[in-house]
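Go ahead and model the full structure; you've got the sequences and the hints to work with.
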Amino acid sequence: MLETPAKMKAKKKRLSPSWLKRKRELEALREETEALEAHVEFLRIKRVPAEASSVNTFETLEQKAALDRERQICQAALDENRFLKSRLQVYVNLSGQLRTVLTAAEQQKTQLMIMSITAARTLRIESGAGYQLRLASPRVFDMLEKRVNARFRELEASFSDIQQRVPSADTELIQIYSKNGDRDTGIVESKRAQLLPFQETAISAIVWSIVELGGFPDSQDSRVIRRSEDVYAVDSRLTVCLGNGESVSLNTHSVMKRFVVSTGTVLLLESNSNWASDFEDSGSWVHTTDEGGCFVISSYALNGSRDPGDLSQLHSELTLKPSGPPENTSRYSKAGPRTVHDVVIPSFREIIESRHQFVENALFDCLRTTSVA
Numbered sequence: 001m002l003e004t005p006a007k008m009k010a011k012k013k014r015l016s017p018s019w020l021k022r023k024r025e026l027e028a029l030r031e032e033t034e035a036l037e038a039h040v041e042f043l044r045i046k047r048v049p050a051e052a053s054s055v056n057t058f059e060t061l062e063q064k065a066a067l068d069r070e071r072q073i074c075q076a077a078l079d080e081n082r083f084l085k086s087r088l089q090v091y092v093n094l095s096g097q098l099r100t101v102l103t104a105a106e107q108q109k110t111q112l113m114i115m116s117i118t119a120a121r122t123l124r125i126e127s128g129a130g131y132q133l134r135l136a137s138p139r140v141f142d143m144l145e146k147r148v149n150a151r152f153r154e155l156e157a158s159f160s161d162i163q164q165r166v167p168s169a170d171t172e173l174i175q176i177y178s179k180n181g182d183r184d185t186g187i188v189e190s191k192r193a194q195l196l197p198f199q200e201t202a203i204s205a206i207v208w209s210i211v212e213l214g215g216f217p218d219s220q221d222s223r224v225i226r227r228s229e230d231v232y233a234v235d236s237r238l239t240v241c242l243g244n245g246e247s248v249s250l251n252t253h254s255v256m257k258r259f260v261v262s263t264g265t266v267l268l269l270e271s272n273s274n275w276a277s278d279f280e281d282s283g284s285w286v287h288t289t290d291e292g293g294c295f296v297i298s299s300y301a302l303n304g305s306r307d308p309g310d311l312s313q314l315h316s317e318l319t320l321k322p323s324g325p326p327e328n329t330s331r332y333s334k335a336g337p338r339t340v341h342d343v344v345i346p347s348f349r350e351i352i353e354s355r356h357q358f359v360e361n362a363l364f365d366c367l368r369t370t371s372v373a
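full-length UniProt numbering numbers the first residue of the sequence shown as 1 and each following residue consecutively.
Honestly, the hints are just simulated from the structure, not real lab data.
Among the clues, some could well be false.
[To be verified] Lysine-lysine pairs mimicking DSS-like chemistry, simulated, CA-CA at most 30 Å apart: (1) K46 x K64; (2) K191 x K334; (3) K146 x K334; (4) K321 x K146; (5) K334 x K321; (6) K321 x K191; (7) K146 x K109.
If you want it as structure tokens, here you go:
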């Protein structure tokens, strides 16, 4: 039986069912999905380098900013270093100039000390113009040095006791008495113990330099003879002005000797003096005295031990007593007891006080110069 075209067309339709169509659609969709996913992946991969480039650019900017800051800090440090070097050079130059000034000031201080002694003597020339400096013979100085040596042998064993007796506060004792009840033999003893904020070597050096320069500035005229490294002989003339406008002339011959002992430095003095004056009411008179001095300079004992610090003790003892009758005094009468007690003894005390003050001033001047240096 033959098939007609209508039958063949119906059969052909039955060969392409709907599920096959849907299958093909699904496959097409799958292919399209895969293509889209591939495209998305391509786009993602393409985007990553751009983001990485952006991140790297940000990090580079931060590093550059940090580097700029470090460069600025380094430059500021270099500028400050150059500034400090310039300031240091200025200070070095100032230090050299200051050293030069201090050296000149030290030399000027020595010159001023000499000038002050000379000026003080010059100021006293008018009041004592009628008197001359008397020069002692070598025999007189030999005798005085023997007295110094004998005095040292007497006191040598007691130097350590003198050091222990010095109290922590300054003390001064002046005694005036007569021998055997005779007021004409007025004897004066002056004892002073004091602590000074200086080294033992500084005090002894200042005192010894005063001796080398010819004595204290109150001396109107003097002559210094160096007998040995530790012994000086001095002729000096001093005019003491009294309150009533009159004056007393004092000619002194002395020997000062330096001893170094275990406790410090000892300076011993022996001298004799000739006092003379022309008073309107009592006429011309003369009085002769012998003087002895002992100066013990040592470091102050702290906590029972002798510590060589910047604190020292100065123990001084001075004695004035009448000596034998003066020579060549035909135009002078012997000073009476009233004159001795009213003129000689007060003048001696005034001289002691003035010279102690001069030594202290010289020490403090030296301290100020050392502190600046």
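Here's how the hints hold up against the structure:
no.: 1; hint: K46 x K64; result: 28 Å, holds
no.: 2; hint: K191 x K334; result: 29 Å, holds
no.: 3; hint: K146 x K334; result: 28 Å, holds
no.: 4; hint: K321 x K146; result: 18 Å, holds
no.: 5; hint: K334 x K321; result: 15 Å, holds
no.: 6; hint: K321 x K191; result: 15 Å, holds
no.: 7; hint: K146 x K109; result: 36 Å, violated
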